[in-house]
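J.: Each chain, written out:
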Amino acid sequence: MAGVPRTSAVERATDGRLSKVMTLDSALAGIGADTLIAVGGLWYHNRPAAAIRALLRGGVSGLRLLTSPPSSFDTDLLIGAGAVRTLYTAHVSFEHLGLAPRFRRAAERAELEIIECDEATVLGGLMATLEGLPDHPVPSLVATDLLRTSTQVRTGTDGPRAPALRPDVAVLHAQEADRFGNVRHLGAAFCDPVFAKASARVVVTVDRLVGNDVVRAEPWRTTIPGYLVDAVVPLPYGAHPCSSHGLYCHDEEHLRHYLAAAGAPDGDGGDAFARYLREFVHLDHATYLDRIGGTARLDALDEEVA
Amino acid sequence: MAGVPRTSAVERATDGRLSKVMTLDSALAGIGADTLIAVGGLWYHNRPAAAIRALLRGGVSGLRLLTSPPSSFDTDLLIGAGAVRTLYTAHVSFEHLGLAPRFRRAAERAELEIIECDEATVLGGLMATLEGLPDHPVPSLVATDLLRTSTQVRTGTDGPRAPALRPDVAVLHAQEADRFGNVRHLGAAFCDPVFAKASARVVVTVDRLVGNDVVRAEPWRTTIPGYLVDAVVPLPYGAHPCSSHGLYCHDEEHLRHYLAAAGAPDGDGGDAFARYLREFVHLDHATYLDRIGGTARLDALDEEVA
Amino acid sequence: MSYSDRELMAVLLARQLRNGEIGMMGASSEIPVAAALLAQCLHAPDLTVIMPSGAVNPRPGRLYRSSSDGRWFTGCEAIGTAYDLFELSENGRLDFMCYGGVQLDRFGNINLTRTGPFGEPPRFRGPGLANISMAVTAKRTLLFSTAHSPRTFVERVDYVTAPGHLSGGTQRRRAGIATAGPQVCITPLAVFGFPEPEHAMTVSSLNPGIEPGRVLDATGFALPPPPWPATEPPTGEELGALRAVVDRTGVLRS
Amino acid sequence: MSYSDRELMAVLLARQLRNGEIGMMGASSEIPVAAALLAQCLHAPDLTVIMPSGAVNPRPGRLYRSSSDGRWFTGCEAIGTAYDLFELSENGRLDFMCYGGVQLDRFGNINLTRTGPFGEPPRFRGPGLANISMAVTAKRTLLFSTAHSPRTFVERVDYVTAPGHLSGGTQRRRAGIATAGPQVCITPLAVFGFPEPEHAMTVSSLNPGIEPGRVLDATGFALPPPPWPATEPPTGEELGALRAVVDRTGVLRS
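Chains as they are written, first to last, in this note's numbering: chain D, 1 to 306; chain W, 1001 to 1306; chain U, 2001 to 2254; chain S, 3001 to 3254.
Simulated from the structure, these hints should not be mistaken for laboratory data. Please note: incorrect hints may appear among the correct ones.
As the list claims (entries may be wrong) - Computed cross-link-like contacts, SDA-like style, restricted to lysine to any residue with a CA-CA straight-line distance of at most 25 Å:
1. S:K3139 to D:V142
2. U:K2139 to D:R166
3. U:K2139 to W:D1158
4. S:K3139 to D:D158
5. U:K2139 to U:P2208
6. S:K3139 to W:A1200
7. S:K3139 to S:D3095
8. S:K3139 to W:D1158
9. S:K3139 to S:T3179
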């Protein structure tokens, strides 16, 4: 028969399918003042740190930043660099390493609009979006001072409700994806799938690209299906100094260095935070990896996980 | 040191931990008139058919049956055997094999209270329970006749809402579990996790028990965590004549035989449906497996999947 | 080249599916599933096919008749739960949803629940419909029926299981539904549309070899009279791909 | 046998955890996590431990300091998403939740957000709290603080991040909260309770080697005066299991 394709359906489909792989700059294009950006991960794990640095290199400012319920390094860095106008957050810290110095300072100096959140108000707000609702009940927020101070929770006649949150863009980091945007978290997916579902645009940096056949061999490992994803950016060690679950540990030494720089008083022997930005942010990813210790350091972080 | 345990934490914990493995009869004890029972699976796949037969053998009646949004064989069987007082359902059919004869007959004879549902009203009702709410908005049910005929959807001032559904017991079938109740679906988990989360008691029949070490080797495969599960009943081919995803195919020949028996007019050469109950329901699982064709038939159903 | 009614319908439905769309299949959906897989291998490689069981972009060796057969999961790209599908729908991400019906009416309203008057036991009890909400949330609805008869194609459904254009005109929008609703209905006899402003079913094209009178006789409501354009017959490429790639075992031919 | 403050606290907290319970750990939670793993290996093998990252019943080789370290997932039993945790909480399945605080007050209210008067920039900005709702939904709340000082233990928190017994007595119930709230607060100096009917913090027992005056000085609100019962010191079995099984690298000792 004339019309019979010579290859299997799969091969044809794969051949003709649009790849979502792109450069970091293309993926992040358009993110700027007033963008509501959701940043994935949790604390200093699985965070799209390289993407955040790229945004800062591009001079981003005026962001409305929605952090995954517990956030850390990248939130502090964005705030410290002056890129954030409004922060929707439940938690910013470095856990046992300490508080988030730039977040704390900006809050205490009232340089930042902070919308107090909680896992329930963030998830409730995202779920409202997913379910086509203007807001979502979060009865368990009763009797907190968030009710008096946060616009992310309203008291209705039937109790507290979280208004819908629809991020303009979610920027996530995962370990693996194929070029069609099927994403695999090798540890916690946590809030990332719901960010992906609720956001208008989804950018995922991954430590490595895998074949579509790898995805299809274990479909239960796909944590975010391709149809939710707009851009896949392969970026080995793209989470550093944060960890990438299952692949490499967070770089505690670098985080401590960051904390010292970010916590130093202004003008203390030259601005330590400005120096941090110069040394570790305003440079491309390859140079960055070199500067934080190169292969030797990265191998050591891999080892800690193995 | 005197207090140092000689085994690892894991071994000790495992040793001392309560096994949730029990017999079908123990697991199903207490299910009776007015019990709101949620039955898992979808269409004629992953359904706890052996558990349903055990309930019928025990003479169950007066059930309030909540089916997974698309249901099939077991719903029809329970209705045909007169065990159901109230049915919450979105769909009952045998797909390409035909309509559900006993469901249809009971409905047309008004022998059954049917609460018309939809995936949204079932999930909305379950989510209301999960989220501690009296009901959950389901705006997309607008303009349907369910609004006039179903108590599982109410029109509020802000649109349709599904009242909370909290099953007394969920009876599910999955492929694998460990003895602590960590369940693994090898195909669709579909509605089962949300049934497990929303139900007061959770019983899972599984084709095979696996070791806790198997579960821990691939924690991402756990579809229902052990803390949600009350009883694990190992029951090879416990879904037959339905399929068990990844292990064996549905038995289309048996389903056709059932459909013929269930669809036969009353008294047509002896009541074919009563005969079906006698031949295939009122007997223990081992005898049942023998009667449906034994190892040869079961091997063939395995083969179809492999 | 000869073909079965169901092969024809799969080909005609495939032509309605566009590259890059996200579509959900329903129950008893061999035709829509075949159509979607066919579209993927012809003009819509980026179409996302979501099975009602949650399997995303399956890569079956053949056409399994049960839409939730476990074999659809082998080699698919992701597995969604019922809650994922609920969200996908409510969030408005679905581009299309395919529906059949026990009854379909002029305005594309769907009855899968029951016939006969309200308040009485049903004359006929249908299977019901699990994915009603997608008739409201999917950007457009695609209807199909292998049973083109006056019993199925009725003036007004006895029960609105899922809304089409309600009583036509702007009624759908006035009910608060923002999506486009039924855009096409495919049967063995013809392809129907729901043109503005009335949104009532009209014949878009007459299928190959069908007499107009047969369509008029088989339809339980008035249609704008012939002549009607002719449906472009399945091409060799379409049928070839359907048989060699999608439906290797000839499920749709039997 | 000597032990560190944090070892002591882990042991004392472990004693509060019961077999068969489901408990959630928070951030910076080495002590609660160690306590839960210790309880699992002593008297509560059926305790379910849920890490804030979603790892269920982890089986770590050692105590990782970050509660969401990827290594908690290796060998755990299940992985929940943020949504699973949300549901687990809202559905009332959690038996207990452990909280620290920037400020904790007499009635067990928790401030992790900010100090200083409302309407002004915060005097001190805390990290915030991701799991506030669990203070309402978990059947009971267990408090702990390594920093037992008048700055932490205040008469009234400046900001109620998560409610304890509010202003005491029946206020919690009157606010519509059905769960029991804070039951215990563990510090290096003492174990506190919140007895009926006032639900204000009192000393349940004084930790080994601590003078009562030190507790009174370190607490920024009035306490019923001594004498107080003595805390049972950690047993050899408790410390042995803690060091040999849970905290093999001595994180809590350093």
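J.: Compare the structure with each hint and give your call.
T.: Hints, verified against the model:
1. For a cut-off of 25 Å, the pair hint linking K3139 (chain S) to V142 (chain D) stands: about 16 Å separates their Cα positions.
2. Our distance criterion of 25 Å between C-alpha atoms is met by K2139 (chain U) and R166 (chain D), whose separation comes to about 19 Å.
3. A threshold of 25 Å between alpha carbons decides the hint, and for K2139 (chain U) with D1158 (chain W) the separation of about 22 Å falls inside it, so the pair holds.
4. For a cut-off of 25 Å, the pair hint linking K3139 (chain S) to D158 (chain D) stands: about 22 Å separates their Cα positions.
5. As the CA atoms of K2139 (chain U) and P2208 (chain U) are separated by approximately 30 Å, the hinted pair breaks the 25 Å bound.
6. In summary, the hint linking K3139 (chain S) to A1200 (chain W) is supported, as the alpha carbons are separated by about 16 Å, within the 25 Å threshold.
7. At roughly 5 Å between alpha-carbon atoms, K3139 (chain S) and D3095 (chain S) fall within 25 Å of each other, so this suggested pair holds.
8. For the given pair, K3139 (chain S) sits about 33 Å from D1158 (chain W) by alpha-carbon distance, which is inconsistent with the 25 Å threshold.
9. Proposed proximity of K3139 (chain S) and T3179 (chain S) is supported: the alpha carbons are some 5 Å apart, at most 25 Å.
In summary, the numbered hints that this structure violates are 5, 8.
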